[in-house]
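Novice: Produce the complete structure using the sequences and hints provided.
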Amino acid sequence: LAGLSKRQMRMCVRSPDATASALQGIQVAIHECQYQLRDQRWNCPSQHHPQQGGLLSSPGFRESAFSLAMLAAGVAHSVASACSMGKLRGCGCEAKRRQKGGETWEWGGCSHDVRFGDRFSRDWLNSRGSPRDIHARMKIHNNRVGRQVVTDNMKRKCKCHGTSGSCQFKTCWHVSPEFRLVGSLLKEKFLSAILVNSQNKNNGVFNSRNGVSGSTGGPGRRRSMSRELVYFEKSPDFCERDSSVDSAGTQGRICNKTSHGTDSCGSLCCGRGHNILKKTQSERCNCRFHWCCYVLCEECHLTEWVNVCK
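Mapped onto my numbering, the consecutive letters of the sequence shown carry residue numbers 1052 to 1361.
Source of the hints: derived by calculation from the structure; they are not laboratory data.
It is possible that some hints are incorrect.
[Claimed, not checked] List of simulated lysine to any residue pairs, SDA-like, C-alpha gap at most 25 Å:
no.	residue 1	residue 2
1	K1285	L1246
2	K1308	L1328
3	K1221	C1209
4	K1329	S1310
5	K1206	S1275
6	K1308	N1358
[Unchecked claim] Simulated DEER-style distance windows between Cβ atoms:
no.	residue 1	residue 2	range
7	G1137	E1229	20 to 30 Å
8	N1248	G1141	36 to 46 Å
9	H1352	Q1078	29 to 39 Å
10	G1137	K1361	48 to 58 Å
11	H1082	R1173	16 to 26 Å
12	H1082	S1056	15 to 25 Å
13	C1218	E1355	39 to 49 Å
14	C1209	K1285	41 to 51 Å
15	H1212	S1178	40 to 50 Å
All values reported here derive from a predicted model rather than from experimental measurement.
We treat Cβ as the ideally placed atom computed from N, Cα and C, and that holds for glycine.
Specialist: Structure follows, in structure tokens:
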């Protein structure tokens, strides 16, 4: 498989089913990354080889931190979900947890094995051995933040039991969060990512540029750096195509001329201006159910004017 390291190839031979789920998780993560950063000049790695070259090979930028965390979350989420569906050898339902007495529910069903997903994501994306430079330490750190967002947001799902739907008792199990929620939470961390010193002390501790170690924020608002995305290089403007940082540039991007945010034509088009084009797209409409049993739809053409960066 193109784009995989030797270690990942060995994991593929050893666990082909889990590897397939991991690769599927990476594709889901890229789609979500592109959705979350749709209003930014850089809107995520390419679909083809997201793990090689470009932005991810030198993860000093804020965007690098976000995409690394997103990929790690995607792998953990996909593998954990596949475990619960019985698609993978070596894992299945998560072990039932202890609960307090007197509850009107008990653990049952098949909880997503988030521990297995977390471990596979770590082994798949992290390099072996101790990190020797700040790039490696940042990759490990931001990967961990991505996985944490998945594990911290597992949901309890329950099924009622009882006569006439009375729900006298419930069995419950854990399921992975919707990946859109994972993406939204990581987008928040992207916007508040912490700029750290680039000096490599090789002790696993990052120091923010404001001199605070381990946590940051003003009085009454302290954030644990262990749960925040970190970066150490200020990003380029990403205005032009540059394969070295996996930038497609912003030419041809749709912008919002009435916005004052990052999706505005002034910001997204980098001062080059924009064209107004007519865009026509087809979609299914006026769908009707016919007995029995099919749905018949018409094809409608929607035309709109859009602003496109020069």
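Novice: Run every hint past the structure and note whether it holds.
Specialist: The hints, checked one at a time:
A C-alpha spacing of about 8 Å is found between K1285 and L1246, which places the hinted pair at or below 25 Å, so the restraint holds. Among the hinted pairs, K1308 with L1328 is consistent with the structure: their alpha-carbon atoms are about 13 Å apart, no more than 25 Å. Restraint check: the Cα-Cα separation between K1221 and C1209 comes to about 6 Å, which is no more than 25 Å; the hinted pair holds. Only pairs whose Cα atoms come within 25 Å are accepted, and K1329 paired with S1310 is accepted, the gap being roughly 20 Å.
Between K1206 and S1275 the CA atoms are separated by roughly 23 Å; this keeps the pair inside 25 Å, and the hint holds. Restraint check: the Cα-Cα separation between K1308 and N1358 comes to about 7 Å, which is no more than 25 Å; the hinted pair holds. A C-beta distance of roughly 21 Å is found between G1137 and E1229, which places it inside the suggested range of 20 to 30 Å. For the pair N1248 and G1141, the supplied restraint of 36 to 46 Å holds, since their beta-carbon distance comes to about 41 Å.
Take H1352 and Q1078: their Cβ atoms lie about 30 Å apart, and the range 29 to 39 Å holds. Roughly 52 Å separates the CB atoms of G1137 and K1361, a value that falls within the hinted 48 to 58 Å. Distance hint for H1082 and R1173: a CB-CB separation of about 22 Å, consistent with the stated range 16 to 26 Å. At roughly 23 Å, the beta-carbon separation of H1082 and S1056 lies within the given 15 to 25 Å, and the hint holds.
Taking the beta carbon of each, C1218 and E1355 are about 48 Å apart, inside 39 to 49 Å as hinted. At about 47 Å, the beta-carbon gap between C1209 and K1285 stays in the expected band of 41 to 51 Å. Distance hint for H1212 and S1178: a CB-CB separation of about 48 Å, consistent with the stated range 40 to 50 Å.
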